[in-house]
Amino acid sequence: MDTTLSRTISLKVNGSAVQATVDVRHTLADFLRHQLELTGTHLGCEHGVCGACTVLVDGRSARGCLMLAVQAHGREVTTVEGLAGADGRLHPLQQAFKDHHGLQCGFCTPGMLTTLSELLADNPDPSEAQVRVAISGNLCRCTGYQSIVDATLAAAKSMRASGAAR
Amino acid sequence: MSAHGPSSLKPGERHNGDANPRRRFVGQSVTRLEDPPLVTGRGTYVGNLNFPHQLHMRVVRSTWAHAIIRSIDVSAALAHPGCRGVWTGADVADIPPITFRPTSVKGLEPYRQYILARDRVRYVGEPIAVVFAEDPYVAEDLADLVTMDAEPLPVILSADAPPGEFAPGLSTEAVVMRKAFGDIEAALRDACKVVEVDVRVGRHSGVPMENRGALARIDHSRDVLECYGQGKRPHAHRDAVAALIGRSPASMHFYEGHIGGGFGVRGEIYPEDVLTCLAAQRFDRPVKWVEDRRENLLACNHSREQHHVVRGAFDRDGRLLGIDAKLWHDQGAYVRTHGARVPDMAMGTLIGTYHVPAYRTVGYIRMTHKTPAATYRSPGRFESTYACERLMDAAAEAFGLSRIEIRRRNLIPKDAYPYARAMDILDHPVELDSGDFAGLLDKALVHMGWEQMQAEVAARRAGGECVGLGMGFFMEKSGLGPVDGAKVTVDTRGKVQVITGASSIGQGVETVMAQIAADALGVEYRDVKVIHGRTDLLEYGIGSHASRATVMTGGATRMAALNVRRKALEFAARHMVEAPVELLDIVEGQVVRVDRPGEPGIPLGKVAAALAPSPETVAFGNPGLTAEGWFETAGMTHPYGIHTALVKVDPETGQVKVERFHVAYDIGCAINPMLVEGQIVGGVAQGLGGALYEEFVYDERGEPLSVTFADYLMPTIGEMPTVDVLLTEDAPSPNNALGMKGAGEAGITGVGAAIAAAIDDAIGIPNAITRLPVTPQRLKALLQEQRAGRT
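Those sequence lines, one after another, are chains A and B. Under the numbering used here, read the first sequence as residues 1 to 166, first letter to last. Under the numbering used here, read the second sequence as residues 1 to 791, first letter to last.
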């Protein structure tokens, strides 16, 4: 067994190239939060159930708590901080969450947004049932989910209208 | 706080001469001011905060449910190169046990918890040691190196088991509480029928998405110990923690930041909160503690576990003559911050919405070897509403009346308000301020299409489906007073700052306060910045609990804003405009003349600038466009509602699917209906959790079995039905100018009752459900028993 306790990794985070030395036992979420100071990725359970730490790895949703930072070597990671445009313009989902009261305490919100941005990238016109399936692995303790579904459908609509689907 | 402006309100003067409050933002579903940082990943949850040179604290927890501590071995941890310290009970022997809030309930003191266990441990998860390291991963390594040698003692895991020994010579029955009014013996004697139910609510809790955490440091420039991460009751907790660690309250401040959900459990003062502050003081370094989810499920307060036996004495028409109730309350291992508040509220609210001439209740508050229990959203009321509504369903069956008719016959009539009951809840006399329950029932039945729902259910049953309807009626209490204050200041750019003693735990308090302040002052709500949860900016504050913030802090915010408005108008009239004050108004942030519409006004920022300290402004009263306001109310407000569930049962698996859920709720005055609806739908989700899925299960040795989200099942979207909300404003509270009542608990209170009734209806067995949560295993066993009994 290799006893080296750290590795240097190169990856892209929210569009920027990052090179960093990480402890091999650090999770991707802890690396993002504490080394890169991208604290928008929240840890709700650290055993992969709650979905708060969901990030996109090469465009696919992944649990930041169940991946080691070293496993992100060579990958492209998107966090909630990377959803808005470079000009600060909110992603339509972020806007719709505001407009439709899709959040209360905001703790699950980053994971909801990343998960749903994957859905809308794949499927610009999801049904309500498809939205519900998409967030079936994300726990929210405040909203009862209804307003999150409403927000997502509204975001999809506005993205289709503006042709801005990412 | 400083003195008010020249013609400020006296405390207690409620309407401030503004008998017809303007409503531009109040009542509107405006979007939240809180959201921009939260949707962009810029939240300031305590786990996101760091200070240079900080230490990380990790708690070592008991793996025994009940044992005498023989020794704790910390040598291996101390030998680790990354170790910066290890404490056990002996190292904090000077710290008194955690205090509870003032109460008239006697005898609870011996049951308080020390911040680290001393000679005994009494639940799995009890802190026995803390370790400190430079790195959180290393802190976890250190915690694994601490071992405890112990001598196991017998465990008590149920409040209705015979009491045992808490400590030598001290029973696990901490206290027996009683409340009563009227002649219950006569009621039982004169009754045509006495109906009894024997029902249980399982152990579950708030379980917010954000785990607990704290970050404390000493700011030497001010000699102040700062603590980040406390929500809900910052002022009370600051005072209590300061007393425990020997600081004066003025040398310690709490800063709330973003809080990832409250739901009651942030109201406790936990050992870890005290330990973090103490460590910052002793190490003279910033100290950070963030628990993991397993710790949260083991050590954050549990709630709800009660056993109720309720007897209703009814006359020949099914009208209540009296209720005689008993309650066994499982307090867990210790009494902490909330004392006996939860059973007190359960006992005080059990008779809910009904006119009950005689009532007697006895509560056995008993300690068990499980996680300490305290408040969870609708504390005591979720439980008592379930028990009372089970009684009313049983009475409907006993009298052959419909479940709605038995309730109609017993509702408190509209003209009986204010409706006093000769007993106290939390040492406050009970007086229900306003209500029209029958009116709400009529509206609810029309709104949800009750007759059609019943027809639909009948048709589906005929087709072989196992479906049913159930209702839960409830009376809530909100706006716990008696006094709250706020301070409003307008800066020279016309932006408004409201400093409140409220707490934001995700419910939208900033937006609601901004709406209230904006209307009172005459500005745009987006120009109002609301500060909360900071003990350094306001000397007093009572936080956010018991659905109190909108009523109490909203009342204070409105008073302060009206005082600022009055000050601006009087100063402008005297020094800036040639006009009497009666002809001035503030519209969209400008002082304007009401007799000259269209004429340019004076921006409030200019008035604020003119009010800068000067001989003239000192002579006027006091400088600055700023004022405080106090709101006081003698009584609580009492919103009320009806929950209705449509469920489908799979008789083979025992699974319950909730297909539809209706909430009818009278809130008096909804400041922001969208936010109220958000509170209600979210509350329903939590209620469904407690009714069907969530339970902290223990094995016979007291080992907790629900320590991950794979074992403690909170509703996902897959379990959520469509929730339909009917919000009415038919019974505004006479206790405040806007008629407001609280919203925080409306979604959860009646869920257990409605679900139990709906399942009874679906399976066609009256009074079948006597225990929550109705897990598939339990329901399947019940149905099998029933079938076996039939054959």
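Because the hints were derived from the structure by calculation, they are not lab data. It is possible that part of the hints are untrue.
Heads up, simulated DSS-like pairs for lysine-lysine below, C-alpha to C-alpha not over 27 Å straight-line [to be verified]: (1) A:K98 with A:K157; (2) A:K98 with B:K495; (3) B:K326 with B:K193; (4) B:K326 with A:K98.
>> For each hint given before, does the structure comply? Return the numbers of the non-compliant ones in rising order.
In response: Hint 4 contradicted; others consistent.
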